[in-house]
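Novice: Sequence:
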Amino acid sequence: MNNNFPRFDLQGQIALVTGAARGIGNACALALSHAGADIALGLRDVNTGGELVSKIEAMGRRALPLQMDVTRLDEIKNAIDATVSHFGRLDILVNNAGISGLSLIDDIDDSKWYDIINTNLNGLYLVTKSVLKHMPDQAGGRIINISSVLGKFGVPGYAAYCTTKHGMIGFTRALALEVASRGITVNTICPGWVDTEMASLGINETAAHLGIMPEQFKAQAVDAVPIKRFLEADEIAEFVCYIASDAARGITGQAMNICGGQTMV
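This note's numbering numbers the first residue of the sequence shown as 10 and each following residue consecutively.
One or more hints might be untrue.
Label-pair ranges, simulated between beta-carbon atoms [as the list claims (entries may be wrong)]: (1) Asn56 x Ile236: 34 to 44 Å; (2) Arg98 x Glu224: 39 to 49 Å; (3) Asn131 x Arg238: 31 to 41 Å; (4) Arg258 x Arg71: 23 to 33 Å; (5) Ala183 x Tyr123: 17 to 27 Å; (6) Arg258 x Asp118: 41 to 51 Å; (7) Ala217 x Met68: 37 to 47 Å; (8) Arg81 x Asp119: 18 to 28 Å; (9) Asn213 x Ser120: 12 to 22 Å; (10) Ala183 x Ala148: 15 to 25 Å; (11) Val231 x Gly69: 35 to 45 Å; (12) Val234 x Gly110: 19 to 29 Å; (13) Leu82 x Ala217: 27 to 37 Å.
In silico SDA-like pairs for lysine to any residue, Cα to Cα no more than 25 Å straight-line [said to hold, decoys possible]: (14) Lys86 x Arg31; (15) Lys142 x Ile178; (16) Lys227 x Pro165; (17) Lys121 x Pro165; (18) Lys138 x Gln76; (19) Lys138 x Leu82; (20) Lys121 x Gly166.
Since the hints were derived computationally from the structure, they do not count as laboratory data.
Note that beta-carbon positions come from the ideal geometry of N, C-alpha and C, so glycine has one too.
I would like the entire structure built from these sequences, with the hints used as guidance.
Specialist: Given below as structure tokens:
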């Protein structure tokens, strides 16, 4: 964990990070805490949050672990009500929860398609809608959606995932205009390859589908990135802190890449 985050001042802010157990979500929770925010942790299994809570509290910040499967409206409502009851407000939402996986068009079973759509897109909608009921007007509210460069281009075999990540960008652009009068900004961050557990699973799954070794596919993936490396989750988290801060108050409705030059769109 890199503790040298930029000094974006988020003192007194309350942030909710979904999918906070690992990867980008975990890094975002730590970075926002380091910048001064108190954090509500949306966790698919609340029992996975103990170590993260300890790290946040060691920084002198408050952390609230919450049971939140973003496909379940009852858990979303209970978690957000608990957040507002505990902290008194909600200023920043980081919509990070998501799943990936191959979803070939000739799959006999459509369950993977529905799981990915329901988690990544419907979950985004339901959480955001619930949070906006509690986000104060004219107080610099932030909604930050974690999409992907696969929201900018397609990859064969990943139609469901690409659909959701493209959809997040459209959602961001429309919602940004809808809530602009409330002083709330809405933006999407589009990472490329990030060195996370999800990326490792994707590498293994795609390599198996192509009939090659995971190491061979990863080498090909790295070679396709102009800076010749995967990003670290901390790099995405630092970008989130900037967008959450007052320094980014003039940015809304944008889909911003952090991908090592993987796409220029």
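Novice: So, for every hint listed, does it hold in this structure?
Specialist: Against the structure, the hints come out as follows:
no.: 1; hint: Asn56 x Ile236: 34 to 44 Å; result: holds (37 Å)
no.: 2; hint: Arg98 x Glu224: 39 to 49 Å; result: holds (48 Å)
no.: 3; hint: Asn131 x Arg238: 31 to 41 Å; result: holds (34 Å)
no.: 4; hint: Arg258 x Arg71: 23 to 33 Å; result: holds (25 Å)
no.: 5; hint: Ala183 x Tyr123: 17 to 27 Å; result: holds (23 Å)
no.: 6; hint: Arg258 x Asp118: 41 to 51 Å; result: holds (46 Å)
no.: 7; hint: Ala217 x Met68: 37 to 47 Å; result: holds (40 Å)
no.: 8; hint: Arg81 x Asp119: 18 to 28 Å; result: holds (20 Å)
no.: 9; hint: Asn213 x Ser120: 12 to 22 Å; result: holds (20 Å)
no.: 10; hint: Ala183 x Ala148: 15 to 25 Å; result: holds (22 Å)
no.: 11; hint: Val231 x Gly69: 35 to 45 Å; result: holds (38 Å)
no.: 12; hint: Val234 x Gly110: 19 to 29 Å; result: holds (22 Å)
no.: 13; hint: Leu82 x Ala217: 27 to 37 Å; result: holds (35 Å)
no.: 14; hint: Lys86 x Arg31; result: holds (22 Å)
no.: 15; hint: Lys142 x Ile178; result: holds (21 Å)
no.: 16; hint: Lys227 x Pro165; result: holds (17 Å)
no.: 17; hint: Lys121 x Pro165; result: holds (15 Å)
no.: 18; hint: Lys138 x Gln76; result: holds (18 Å)
no.: 19; hint: Lys138 x Leu82; result: holds (11 Å)
no.: 20; hint: Lys121 x Gly166; result: holds (12 Å)
The structure shown violates none of the earlier numbered hints.
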